[in-house]
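A.B. asks: With the hints as your guide, set chain B onto chain A.
Protein sequence lines correspond, in order, to chains A and B. Be aware that the first sequence starts at 73, since it is given in the working numbering, and climbs by one per residue. Be aware that the second sequence starts at 7, since it is given in the working numbering, and climbs by one per residue.
Hints were generated in silico from the structure; no laboratory data involved. All figures in this text were calculated on a predicted structure; none of them were measured in a lab. Do not take every clue at face value.
As the list claims (entries may be wrong) - Just a sample of chain A residues kept apart from chain B, beta carbon distances all over 12 Å, derived: (1) 104; (2) 178; (3) 253; (4) 314; (5) 484; (6) 565; (7) 590.
What the hints assert, rightly or not - Distance windows between CB atoms, simulated: (8) 102/A with 246/B: 11 to 21 Å; (9) 625/A with 228/B: 18 to 28 Å; (10) 294/B with 625/A: 31 to 41 Å; (11) 271/B with 91/A: 36 to 46 Å; (12) 102/A with 184/B: 57 to 67 Å.
Stated by the list, open to error - Listed next, the stretches of chain B that the computed footprint assigns to chain A, with coverage defined by at least 3 CB atoms under 8 Å from CB atoms of chain A: (13) 236-242; (14) 252-258.
We put the CB at the ideal spot given by N, CA and C, even for glycine.
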Amino acid sequence: MIFLHPLALLGLAAAAIPALLHLFQRRTPPEIEFPPIRYLNEAERRSARRLRLRHLLLLLLRTALIVVLVLAAARPLVPARHAGASHPPTALALILDNSLSSGAVVGGQVTLERLKAAARSVLDRATPADRLWLVLADGIIRSGGRDELRGAVDSVSAEGGRLDLVAAVNAAAVVVGADPAVLREVEVLSDLQRTALAVGRVTLPPGVRVLALGAHPAPPNRGITAARVSAGAVVASVGGAPAAGAVPVTLRVHDHDVGRALAVTGATVTIPLGAIGPGWWVGDVTLAPDELRGDDRRLVVWHATPPAGVLVTPEAGSFVTAAVEVLRSAGRVAAGSGSGVTIGDLPGAGSAVVLPPADPASLGQVNRALAARGVAWRFGPSGTPGLVTGAGVDGVPVSRRQRLEGSDTGAVLATVNGEPWAVAGKGIVLLGSRLDTSWTALPAAPAFVPFVDALVNRFVRGEAAVEEAVGAVRVTFRTVGADTVGATVYGPDPRESDLTPAEPRLIRQALHAEVVEDGEFGQAAFAGLHRADISGVLLGLALLLALGELAAATLAR
Amino acid sequence: MTFRERVDLLDPAEVARLGGIEIIAQGVVEGFLSGLHRSPFRGFSVEFTEHRAYQPGDEPRYLDWRMLARSDRLFVKQFEEETNLRAMILLDASRSMSWRGAPERLTKREYAQRLAAALGLILLRQRDATGLITFDDAVREVVPPRVKSGQWRRLLRGIVALPEGRGTVAEAALRQVTSLLVRRGLVVLISDLLLDRNLALVALRFLRHRGHQVVVLHLMDPAERALAGPPEVRFRDPESGESLVVRPRELARAYREAVQREISAWRAACRRHGIAYHDVMTDEPFGRVLRRLA
Chain A
73 MIFLHPLALL GLAAAAIPAL LHLFQRRTPP EIEFPPIRYL NEAERRSARR LRLRHLLLLL
133 LRTALIVVLV LAAARPLVPA RHAGASHPPT ALALILDNSL SSGAVVGGQV TLERLKAAAR
193 SVLDRATPAD RLWLVLADGI IRSGGRDELR GAVDSVSAEG GRLDLVAAVN AAAVVVGADP
253 AVLREVEVLS DLQRTALAVG RVTLPPGVRV LALGAHPAPP NRGITAARVS AGAVVASVGG
313 APAAGAVPVT LRVHDHDVGR ALAVTGATVT IPLGAIGPGW WVGDVTLAPD ELRGDDRRLV
373 VWHATPPAGV LVTPEAGSFV TAAVEVLRSA GRVAAGSGSG VTIGDLPGAG SAVVLPPADP
433 ASLGQVNRAL AARGVAWRFG PSGTPGLVTG AGVDGVPVSR RQRLEGSDTG AVLATVNGEP
493 WAVAGKGIVL LGSRLDTSWT ALPAAPAFVP FVDALVNRFV RGEAAVEEAV GAVRVTFRTV
553 GADTVGATVY GPDPRESDLT PAEPRLIRQA LHAEVVEDGE FGQAAFAGLH RADISGVLLG
613 LALLLALGEL AAATLAR
Chain B
7 MTFRERVDLL DPAEVARLGG IEIIAQGVVE GFLSGLHRSP FRGFSVEFTE HRAYQPGDEP
67 RYLDWRMLAR SDRLFVKQFE EETNLRAMIL LDASRSMSWR GAPERLTKRE YAQRLAAALG
127 LILLRQRDAT GLITFDDAVR EVVPPRVKSG QWRRLLRGIV ALPEGRGTVA EAALRQVTSL
187 LVRRGLVVLI SDLLLDRNLA LVALRFLRHR GHQVVVLHLM DPAERALAGP PEVRFRDPES
247 GESLVVRPRE LARAYREAVQ REISAWRAAC RRHGIAYHDV MTDEPFGRVL RRLA
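Excised from the complex, chain A in its bound form:
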């Protein structure tokens, strides 16, 4: 039972008035002479028990009358299933999980269609007095009328993204909790993946109710959870729910099968790329189709280039020399030549990685050389120590550095304390610190050799790393002029591949939700479907109680 005017319940304290009056009322009645008092004594002795019962009955009737009147004033609503029942104005947020996993086929039906049907059943019962919101897998909270949101639900399709259910419910609960409506509800329409509830707990504002559509048993599913190029091969991971048997993983490039391997859930397979020409390449890693098609394919992008020629000057220091030797032995760089990359404290004629000179007195000379090359950046005075952010070496401490001064913010590769630490442009990369442990801990870090690799093979060329993002399977390339300098590969969130639903207990704990099955969901929405206002019934009862009190107070005399 809920109340339209709960504050009126404070009036229940008035129920104590009859008892308090009975206990504490001390009136001084008028005194009258009456000789036959002996008859009164006898009458009272004979009526004492009847009068006590009558007084008790009157006390109960009066107390009940006050209670019933107060309850009627509070406008109680009770669940009702008859057609005439209605629900009070409600603030309702509908979370429709159209993440990748909602595209799974369960029992011959796409899960998203089941969720959409439940969403429609809720929206169909909404009234113009209700405030409605719709939250999809993108996490955006959309406000709208019933018809508007119904149209949005109809047009929803499964996307590659993932819905953080706990965060979505938290956000929706805040929105509905701030609404002054009588009822406030968050309806969760999701496949309730276990992975979606693994972290965090919902904190509900007072008065907000969460209702979740019960999940159906999930089919076994496997998907490509990761794929990237490494050392001339594509490394792909297979994830999802554990299942017996291995599945074939196929790599296709330009519609040609390049390689194939068998993998079980949780395994990683390596498919060699073989000889391939220079340039940007896109590979397609696929699995055999299963109930969830969205995670059976993932793209992989790489840039095939010949190893850069690297010349390390003695001023670059021993750490750089050693790292380049390692890269050279691995085939990532070639011996230095006039057209290669120079690493030192002065920019050469070609591409160069320029470090601050060990002697601060040489800074002016270096800056003049940079200016002569048309580089918009120069070394400035010493900067404060800090940690590196960016360029794949996040968190590496820097104890000494020269500030990098310039205006081309688009060229910044990494920063320390928010100030540029590594910048690139016109075939030159400037570092704010020498690659020496007296300047930075980077030479002693495992990321040092890959960092030097990136410096000479990508940063100097103006290229960025291939990035990965969650979304519909696709690739976007970044270009500068006619050059392609980077790419972003979109693919499904690997957690979407595990369709195992959460246990009801976990749902209740994480979302504080009531779990309702399909057939009852529409009925359970709006605070248990429809509720009838029983204040009229209570007023009728109050009338009966008043008549009863009147009868007890008069007829029994």
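C.D. replies: Frame of chain A; chain B shown alone:
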């Protein structure tokens, strides 16, 4: 209003406004006797004297049927009023008698005074020696029974000079009657009977045992029959000072039943011992009460 209008049948309070007790008593008695065709107390205060021949117009009930059977002639019996019948009126003067339930009514004392005066006048007119005893918790005034002239005045003085009484104890007064009525006589007790019923009945039974005719007039104000008043009230007994807080509307039915039980108890006890009992309301016309005694 005049006495020709049968004041004995009018409302006692209206009648009381016409004059003093003496005038009212005379008016009541005149009206009462004019409505009768025979002596009101005939049968216990007259004696047979002789026979005479029947004449048309004589009442058939006085025919001597035995003489008719023996002589085949009609004779009627002649009676002579007894001149030495003695009657005592016992008048309750206790404090409870000074009460009335409404200002437009007579108090029980005022009603009893007028009723006793009328009764005394009737008895004296029948040449019965009539006396008076007033009492509360003790005997207050005694007028010995006489039939000579001036007795009516003495009775009136005794009635009018009724003292402001205290409690009610009737036994002493009833016992004193035995010393005043040596021969069989009539004893009329006028009281609200707010006294110890058992003790009073013992004394009444004693009088009855001595051969006296005993009549009890139980006076009640109408407000004593039906309980009424404010929603809550403290009732106090003027005699004992005892008080009780009640809600009259709650207790009305039980009170009415208690009063009815008391009346029934008095009536049953009196009937058992040959005592005449009458409950009298103070708004009842005097004539109707006297007729109930006749």
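A.B. asks: Would you mind marking each hint as holding or not holding in the structure?
C.D. replies: Evaluated hints:
1. 104: Label violated. Min Cβ-Cβ 5 Å, cutoff 12 Å.
2. 178: 74 Å, holds
3. 253: 49 Å, holds
4. 314: Correct as stated: the minimum Cβ-Cβ distance to chain B is 82 Å, above 12 Å.
5. 484: 94 Å, holds
6. 565: Its Cβ never comes within 12 Å of chain B, the nearest being 80 Å, so this holds.
7. 590: It holds; residue 590/A is separated from chain B by about 63 Å at its closest Cβ, greater than 12 Å.
8. 102/A with 246/B: 11 to 21 Å: 20 Å Cβ-Cβ, so the 11 to 21 Å window holds.
9. 625/A with 228/B: 18 to 28 Å: Since the Cβ atoms of residue 625/A and residue 228/B sit about 26 Å apart, the hinted range of 18 to 28 Å holds.
10. 294/B with 625/A: 31 to 41 Å: At roughly 39 Å between Cβ atoms, residue 625/A and residue 294/B fall inside 31 to 41 Å, so the hint holds.
11. 271/B with 91/A: 36 to 46 Å: 41 Å, holds
12. 102/A with 184/B: 57 to 67 Å: 45 Å, violated
13. 236-242: Since three or more residues must qualify, the claim that chain A covers the segment 236-242 of chain B holds, with 6 doing so at under 8 Å.
14. 252-258: As far as the segment 252-258 of chain B goes, the hint holds, because 5 residues have Cβ atoms under 8 Å from chain A.
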